[in-house]
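Asks: Take the sequences, apply the hints, and build the full model.
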Amino acid sequence: MEQKFSNNSLDLETLREFCKREGEAVTYRKGEQLEREGDPARWLAFVENGCFKYVTHGISDDRPHITWFSFEGEFVVDYPAYLYARPARTSIVAMMPSRVLRVTGEQMKEFFRQDMEHMELRAIIAEHVLSQFHSSYLNLHRTTARERYDLLMQRCPGIVEHLDLQDIASFLNVHPNTISKIRRDITFEGQK
Numbered sequence: 126m127e128q129k130f131s132n133n134s135l136d137l138e139t140l141r142e143f144c145k146r147e148g149e150a151v152t153y154r155k156g157e158q159l160e161r162e163g164d165p166a167r168w169l170a171f172v173e174n175g176c177f178k179y180v181t182h183g184i185s186d187d188r189p190h191i192t193w194f195s196f197e198g199e200f201v202v203d204y205p206a207y208l209y210a211r212p213a214r215t216s217i218v219a220m221m222p223s224r225v226l227r228v229t230g231e232q233m234k235e236f237f238r239q240d241m242e243h244m245e246l247r248a249i250i251a252e253h254v255l256s257q258f259h260s261s262y263l264n265l266h267r268t269t270a271r272e273r274y275d276l277l278m279q280r281c282p283g284i285v286e287h288l289d290l291q292d293i294a295s296f297l298n299v300h301p302n303t304i305s306k307i308r309r310d311i312t313f314e315g316q317k
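Numbering (my numbering), first residue to last: 126 to 317.
Treat the hints as calculated values from the structure; they're not laboratory data. Check before you lean on any hint, since a few could be wrong.
What the hints assert, rightly or not - As a list, the in silico DSSO-like pairs of lysine-lysine whose alpha-carbon atoms are at most 30 angstroms apart:
| no. | residue 1 | residue 2 |
| --- | --- | --- |
| 1 | 306 | 145 |
| 2 | 145 | 155 |
| 3 | 234 | 145 |
Replies: Okay, here's the thing in C-alpha cells:
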C-alpha cells in the first residue's frame, strides 16, 4: 500500500490484517471526530486513506493544541485509554475525508489474548507509542523550530497541503509567524 504522508517504520501487518478482517470500514468527513476528549475512548483504527490530528485544549486558556498526527498506513488511537474505555485525553479529528478500519477495545483485548505472539504485539505497540511520545517530548526541548518542522516534513512528506498554518504551529509549539518565516527561508534557500 502506498503511503502518501507517512514514513512509518513499524511493521504491524498482523494488526492491520486483524482490522481488515474484524473491523468496520468507516469514512469520516473533514472535521468529524473519531474520539472526543473526555468521552470513553472506543476505537483503534487503521487509516486506509486520509489523516487525523489529535487535539487537546489548554487548561487555563481552552485553546486547541495539536499533539500528534496519524496518517495513511498508520494506526489512529488514544492508546492505552482505548484498551480500557477510559476517557480520551484528546479529540481525534479527520483533517480531510478519511477512511479507516476500526475495532473496539474489547475486540482488541480478545485479539491479544489469543496467544503469546499476539500478547508480544501488545507490548510492541505500547513500546512504539511510548517511543514516539518520548521522541516528540525530547525534540521539543533539543531542537529548533526549523528542525522540528523538518522532522515533521520527513515523517509526512506532502502533508503541508492538508495542514493549516495554525495546526503546524500548534504541533511544533511555536507561533504561526514562526512557521511563515521557516517557509519563507526554505523558499529562498531553494532559489540560491
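Asks: Work down the list of hints and note, for each, if the structure agrees.
Replies: Taking the hints in turn, this is what the structure says about them:
Between the alpha carbons of residue 306 and residue 145 the distance comes to roughly 42 angstroms, so the proposed pair goes past 30 angstroms and is violated. Taken as a hint, the residue 145 and residue 155 pair is honoured in the structure, with Cα atoms around 23 angstroms apart against an allowance of 30 angstroms. Among the hinted pairs, residue 234 with residue 145 is consistent with the structure: their alpha-carbon atoms are about 16 angstroms apart, no more than 30 angstroms.
Hint compliance for this structure: hint 1 is the single one not met.
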